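2 protein chains.
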Amino acid sequence: MLNRVRSAVAHLVSSGGAPPPRPKSPDLPNATSAPPAAAPEAPRSPPARAGSGSGAPAKAVEARASFSRPTFLQLSPGGLRRADDHAGRAVQSPPDTGRRLPWSTGYAEVINAGKSRHNEDQACCEVVYVEGRRSVMGVPRDPSRGQGLCFYYWGLFDGHAGGGAAEMASRLLHRHIREQLKDLVEILQDPSPPPLCLPSTPGTPGSSDPSHLVGPQSCWSTQKEVTHESLVVGAIENAFQLMDEQMARERRGHQVEGGCCALVVVYLLGKVYVANAGDSRAIIVRNGEIIPMSREFTPETERQRLQLLGFLKPELLGGEFTHLEFPRRVQPKELGQRMLWGPFPWQRNQSFTSWARLGVGGMAYKKIELEDLRFPLVCGEGKKARVMATIGVTRGLGDHNLKVCSSNLPIKPFLSCFPEVRVYDLTQYEHCPDDVLVLGTDGLWDVTSDCEVAATVDRVLSAYEPNDPSRYTALAQALVLGARGTPRDRGWRLPNNKLGSGDDISVFVIPLGGPGSYS
Amino acid sequence: MLNRVRSAVAHLVSSGGAPPPRPKSPDLPNATSAPPAAAPEAPRSPPARAGSGSGAPAKAVEARASFSRPTFLQLSPGGLRRADDHAGRAVQSPPDTGRRLPWSTGYAEVINAGKSRHNEDQACCEVVYVEGRRSVMGVPRDPSRGQGLCFYYWGLFDGHAGGGAAEMASRLLHRHIREQLKDLVEILQDPSPPPLCLPSTPGTPGSSDPSHLVGPQSCWSTQKEVTHESLVVGAIENAFQLMDEQMARERRGHQVEGGCCALVVVYLLGKVYVANAGDSRAIIVRNGEIIPMSREFTPETERQRLQLLGFLKPELLGGEFTHLEFPRRVQPKELGQRMLWGPFPWQRNQSFTSWARLGVGGMAYKKIELEDLRFPLVCGEGKKARVMATIGVTRGLGDHNLKVCSSNLPIKPFLSCFPEVRVYDLTQYEHCPDDVLVLGTDGLWDVTSDCEVAATVDRVLSAYEPNDPSRYTALAQALVLGARGTPRDRGWRLPNNKLGSGDDISVFVIPLGGPGSYS
Numbered sequence: 001m002l003n004r005v006r007s008a009v010a011h012l013v014s015s016g017g018a019p020p021p022r023p024k025s026p027d028l029p030n031a032t033s034a035p036p037a038a039a040p041e042a043p044r045s046p047p048a049r050a051g052s053g054s055g056a057p058a059k060a061v062e063a064r065a066s067f068s069r070p071t072f073l074q075l076s077p078g079g080l081r082r083a084d085d086h087a088g089r090a091v092q093s094p095p096d097t098g099r100r101l102p103w104s105t106g107y108a109e110v111i112n113a114g115k116s117r118h119n120e121d122q123a124c125c126e127v128v129y130v131e132g133r134r135s136v137m138g139v140p141r142d143p144s145r146g147q148g149l150c151f152y153y154w155g156l157f158d159g160h161a162g163g164g165a166a167e168m169a170s171r172l173l174h175r176h177i178r179e180q181l182k183d184l185v186e187i188l189q190d191p192s193p194p195p196l197c198l199p200s201t202p203g204t205p206g207s208s209d210p211s212h213l214v215g216p217q218s219c220w221s222t223q224k225e226v227t228h229e230s231l232v233v234g235a236i237e238n239a240f241q242l243m244d245e246q247m248a249r250e251r252r253g254h255q256v257e258g259g260c261c262a263l264v265v266v267y268l269l270g271k272v273y274v275a276n277a278g279d280s281r282a283i284i285v286r287n288g289e290i291i292p293m294s295r296e297f298t299p300e301t302e303r304q305r306l307q308l309l310g311f312l313k314p315e316l317l318g319g320e321f322t323h324l325e326f327p328r329r330v331q332p333k334e335l336g337q338r339m340l341w342g343p344f345p346w347q348r349n350q351s352f353t354s355w356a357r358l359g360v361g362g363m364a365y366k367k368i369e370l371e372d373l374r375f376p377l378v379c380g381e382g383k384k385a386r387v388m389a390t391i392g393v394t395r396g397l398g399d400h401n402l403k404v405c406s407s408n409l410p411i412k413p414f415l416s417c418f419p420e421v422r423v424y425d426l427t428q429y430e431h432c433p434d435d436v437l438v439l440g441t442d443g444l445w446d447v448t449s450d451c452e453v454a455a456t457v458d459r460v461l462s463a464y465e466p467n468d469p470s471r472y473t474a475l476a477q478a479l480v481l482g483a484r485g486t487p488r489d490r491g492w493r494l495p496n497n498k499l500g501s502g503d504d505i506s507v508f509v510i511p512l513g514g515p516g517s518y519s
Numbered sequence: 001m002l003n004r005v006r007s008a009v010a011h012l013v014s015s016g017g018a019p020p021p022r023p024k025s026p027d028l029p030n031a032t033s034a035p036p037a038a039a040p041e042a043p044r045s046p047p048a049r050a051g052s053g054s055g056a057p058a059k060a061v062e063a064r065a066s067f068s069r070p071t072f073l074q075l076s077p078g079g080l081r082r083a084d085d086h087a088g089r090a091v092q093s094p095p096d097t098g099r100r101l102p103w104s105t106g107y108a109e110v111i112n113a114g115k116s117r118h119n120e121d122q123a124c125c126e127v128v129y130v131e132g133r134r135s136v137m138g139v140p141r142d143p144s145r146g147q148g149l150c151f152y153y154w155g156l157f158d159g160h161a162g163g164g165a166a167e168m169a170s171r172l173l174h175r176h177i178r179e180q181l182k183d184l185v186e187i188l189q190d191p192s193p194p195p196l197c198l199p200s201t202p203g204t205p206g207s208s209d210p211s212h213l214v215g216p217q218s219c220w221s222t223q224k225e226v227t228h229e230s231l232v233v234g235a236i237e238n239a240f241q242l243m244d245e246q247m248a249r250e251r252r253g254h255q256v257e258g259g260c261c262a263l264v265v266v267y268l269l270g271k272v273y274v275a276n277a278g279d280s281r282a283i284i285v286r287n288g289e290i291i292p293m294s295r296e297f298t299p300e301t302e303r304q305r306l307q308l309l310g311f312l313k314p315e316l317l318g319g320e321f322t323h324l325e326f327p328r329r330v331q332p333k334e335l336g337q338r339m340l341w342g343p344f345p346w347q348r349n350q351s352f353t354s355w356a357r358l359g360v361g362g363m364a365y366k367k368i369e370l371e372d373l374r375f376p377l378v379c380g381e382g383k384k385a386r387v388m389a390t391i392g393v394t395r396g397l398g399d400h401n402l403k404v405c406s407s408n409l410p411i412k413p414f415l416s417c418f419p420e421v422r423v424y425d426l427t428q429y430e431h432c433p434d435d436v437l438v439l440g441t442d443g444l445w446d447v448t449s450d451c452e453v454a455a456t457v458d459r460v461l462s463a464y465e466p467n468d469p470s471r472y473t474a475l476a477q478a479l480v481l482g483a484r485g486t487p488r489d490r491g492w493r494l495p496n497n498k499l500g501s502g503d504d505i506s507v508f509v510i511p512l513g514g515p516g517s518y519s
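Residue numbers (the UniProt record's numbering), protein chains in the order written: chain A, 1 to 519; chain B, 1 to 519.
Treat the hints with caution; some may be incorrect.
Derived pair list, reagent style SDA-like, types lysine to any residue, alpha-carbon separation capped at 20 Å [said to hold, decoys possible]:
{"#": "1", "chain 1": "A", "residue 1": "367", "chain 2": "B", "residue 2": "462"}
{"#": "2", "chain 1": "B", "residue 1": "271", "chain 2": "B", "residue 2": "194"}
{"#": "3", "chain 1": "B", "residue 1": "367", "chain 2": "A", "residue 2": "296"}
Here are the simulated distance ranges between beta carbons [as the list claims (entries may be wrong)]:
{"#": "4", "chain 1": "B", "residue 1": "148", "chain 2": "A", "residue 2": "370", "range": "56 to 64 Å"}
{"#": "5", "chain 1": "A", "residue 1": "382", "chain 2": "B", "residue 2": "193", "range": "46 to 54 Å"}
{"#": "6", "chain 1": "A", "residue 1": "287", "chain 2": "B", "residue 2": "193", "range": "44 to 52 Å"}
Rather than coming from a laboratory, the hints here were simulated on the basis of the structure. As the structure is a computational prediction, the values presented were derived from the model and not from experiment. No residue lacks a Cβ here, since even glycine has one placed at the ideal position from N, Cα and C.
When you get a sec, could you build the whole thing from the sequences and use the hints?
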């Protein structure tokens with residue numbers, strides 16, 4: 001064990017100046033190059049009603065052989081080959097001649113420089129119609145409220161250890177969201193606060209008795225109000241969980257390889273919901289100002305959650321890892337000496353002080369014992385940080401088969417499928433055509449700061465007429481190109497001669513005050 | 001089970017406008033009125049060397065029969081009786097004629113209005129000398145560094161379910177802190193960064209080899225620096241844990257009743273460390289400005305930690321409680337209906353979004369099943385909030401015998417003995433004699449806001465000469481009197497006719513720029 005994990009660390013530490021990849025197929029057990037399956041039909045997820053570029057027919061999927069790109073790219077067989085070419089790394093966008101994405105959304109992507117066989121990012125952009133369940137509230141439907149709701153949906157999925165999870169999520173996650181929203185169609189269209197209790201099912205005793213619709217006013221005085229917004233947040237969170245559970249169920253039958261980060265935007269009834277699970281990032285650039293709409297979930301940012309879990313459930317560490325933190329790896333020759341152990345001050349943050357004091361103890365000198373030689377649960381820093389010496393991202397979908405290298409210890413218990421959801425009220429501000437929401441996988445953000453993105457937004461959009469719908473695609477392309485760089489000196493280099501991103505790069509640019517049609 | 005906890009809730013909800021007490025002796029099983037033991041001598045905690053009013057001799061403790069007050073009050077038998085009189089509620093302070101507390105600290109206390117037989121608050125104020133362990137760093141001691149360190153120490157302990165834990169903590173916690181600091185005496189006096197590794201013990205192989213003193217410079221480049229300050233924070237945190245463990249060991253032999261909140265101040269080498277575990281509070285009033293130096297740990301502020309623990313370790317809930325949150329208590333007649341369940345938006349805060357998404361799920365409508373009728377792990381609001389329908393404070397010392405009412409389910413796993421430690425650098429600001437650190441048990445803060453305390457600081461101190469050392473005792477007395485009120489209309493009332501605090505009230509006023517002697 002010690003030698004194995006030590007060499008794993010050596011591998012992590014010895015990588016050069018380029019941003020090291022998150023573990024991908026070559027590093028992981030169980031990673032196969034088997035072709036991803038056609039989009040599995042979720043029993044609970046019938047197909048979306050309306051959609052621009054919704055699921056391709058099964059035959060088309062088969063024709064693509066071992067990989068696929070987003071349907072809205074409308075790639076020909078030749079285009080698909082170019083999109084899969086690591087040497088050329090051609091930037092892909094929807095054709096200017098085709099049907100535009102909703103809201104004139106801009107999109108661009110580029111494949112990695114060779115770190116994995118195919119582009120493991122996936123993307124989805126849909127308009128989804130949600131039909132309400134019949135008589136959810138147990139009373140006859142009010143015809144004036146219409147029949148259902150539409151939401152706009154954008155998703156970026158950054159796969160690792162194979163492309164299967166990202167592809168499955170890109171085809172199905174919005175359907176899970178739709179399923180979760182079905183219960184809420186009537187409630188969200190009713191301006192009064194959501195009821196706390198619904199009758200069991202229409203037609204059962206009590207369903208016609210309006211006293212069962214217990215509203216806030218009839219409950220305890222201590223009761224607080226639930227907002228429509230928080231119901232939508234809950235629906236999105238639960239959809240992520242159901243998507244993850246579906247991957248667990250179907251992983252064998254459909255060869256759901258690896259896992260993926262998921263960054264999703266839902267626009268519904270005037271509000272933009274940004275849900276992030278992983279290390280992709282979303283920012284709004286509004287009048288030159290940067291508004292962060294997500295944060296990354298990595299072994300470093302989630303160190304306390306991971307260590308607390310390891311402390312409370314030591315069986316998950318399998319006797320191979322320790323949740324204790326030493327300032328560096330303990331050497332066998334140091335047995336019997338006393339070393340400082342954490343929590344260290346640089347690991348403290350606000351959530352730490354409120355949480356991990358659960359029983360982890362304060363920093364002190366500790367006599368080194370045999371079990372302290374175990375590998376740390378969280379090791380490395382920055383992009384090199386890993387959970388159990390294996391994975392560099394701590395939230396996302398899939399990874400049900402992920403094991404510690406050369407071991408049978410599952411890592412999934414330490415990963416969370418739940419996103420953090422941030423809400424932006426589009427009606428609270430008069431947006432101009434230059435105000436955009438930018439979504440990018442870590443391939444963009446590894447080499448591009450928020451400020452550099454804002455500068456590119458300004459530079460590119462000012463070169464186009466405000467009503468030119470192609471400006472957002474041009475911006476997405478400029479962002480991808482700026483992160484990829486150009487081939488020079490045996491590598492992809494940025495104008496400042498630093499290394500460009502060798503990762504898959506995918507970018508959505510969503511105009512907030514542009515020529516889009518807001519329903 | 002249901003009836004029992006339901007009546008417990010009825011009790012909680014039916015209490016009147018006065019701030020309801022935290023559960024004290026009458027509410028709790030295992031609470032006895034046996035006399036507290038004399039301060040047990042901790043095997044790891046030999047007596048403090050220097051101290052103003054350090055531990056009274058055992059005979060004096062016996063003479064006090066069934067209760068005690070802080071030694072520094074120098075109470076005569078008659079004074080002790082007056083201090084124990086619920087009817088008169090006379091304010092107690094150290095005699096003006098006696099030896100002053102260090103730094104001319106002001107202190108005042110008053111007994112409760114009858115909620116428990118004796119005053120269950122305790123206090124301690126000491127100057128503690130820490131002798132370093134011989135040759136901790138494995139090299140001959142540098143004689144120029146002196147022999148040891150002194151720290152100033154103040155502690156407030158708010159007991160519940162008996163006075164034993166508070167009394168034990170007031171006698172021993174500073175000794176645990178001293179023990180923890182012994183290893184650090186040499187290190188804290190050395191201006192260079194603390195070593196990360198110490199030799200095992202003096203005289204063992206390797207101890208004379210300075211290469212074992214691995215400093216930051218010789219370690220991995222990723223290594224960060226440990227500060228002296230963080231070592232002291234760790235020492236205080238670990239002292240709390242050791243104090244709690246000692247209570248667990250000795251609870252039978254010495255009848256350590258109940259538990260206590262602990263609010264502790266350590267002044268060492270220019271810095272003030274404020275450690276809080278419970279619902280006492282410390283604020284600095286500096287030039288009229290309020291600087292919070294602690295926050296309260298209650299079922300409400302720690303809801304997420306508690307629910308996560310209940311989720312990860314459901315066996316701790318004993319089949320009697322649920323970690324799920326409904327907007328109100330579920331009724332048996334609602335079985336089969338669908339009710340919203342949490343996490344609710346009003347429970348979300350920053351630490352929540354980073355933590356509890358571990359798998360608790362998003363808000364949604366859920367079909368009510370039998371197990372949803374279980375009592376919520378956290379119930380009630382504000383001062384009425386309770387863990388497992390029993391206790392209203394979630395951090396502190398003791399409570400090892402605390403069980404759910406009429407049940408054998410232990411509550412201790414949900415309580416944490418770890419304090420949050422905040423540091424204030426006394427050298428970073430030129431303090432005037434009116435700048436003070438105010439410590440108070442919840443008896444003060446239940447009826448007094450931070451701003452009202454700051455106003456009283458200004459009013460009382462301005463009535464005294466800046467160099468009059470009695471002004472801080474006068475201020476402490478004014479704060480206690482202001483929270484107690486005067487007997488009127490069958491109760492203790494404040495000038496605005498609201499109810500005064502019926503709780504024990506204890507206050508320290510520590511001058512930060514007064515006539516105190518800073519070592």
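Which hints, by number, does the structure contradict?
1, 3, 4, 5
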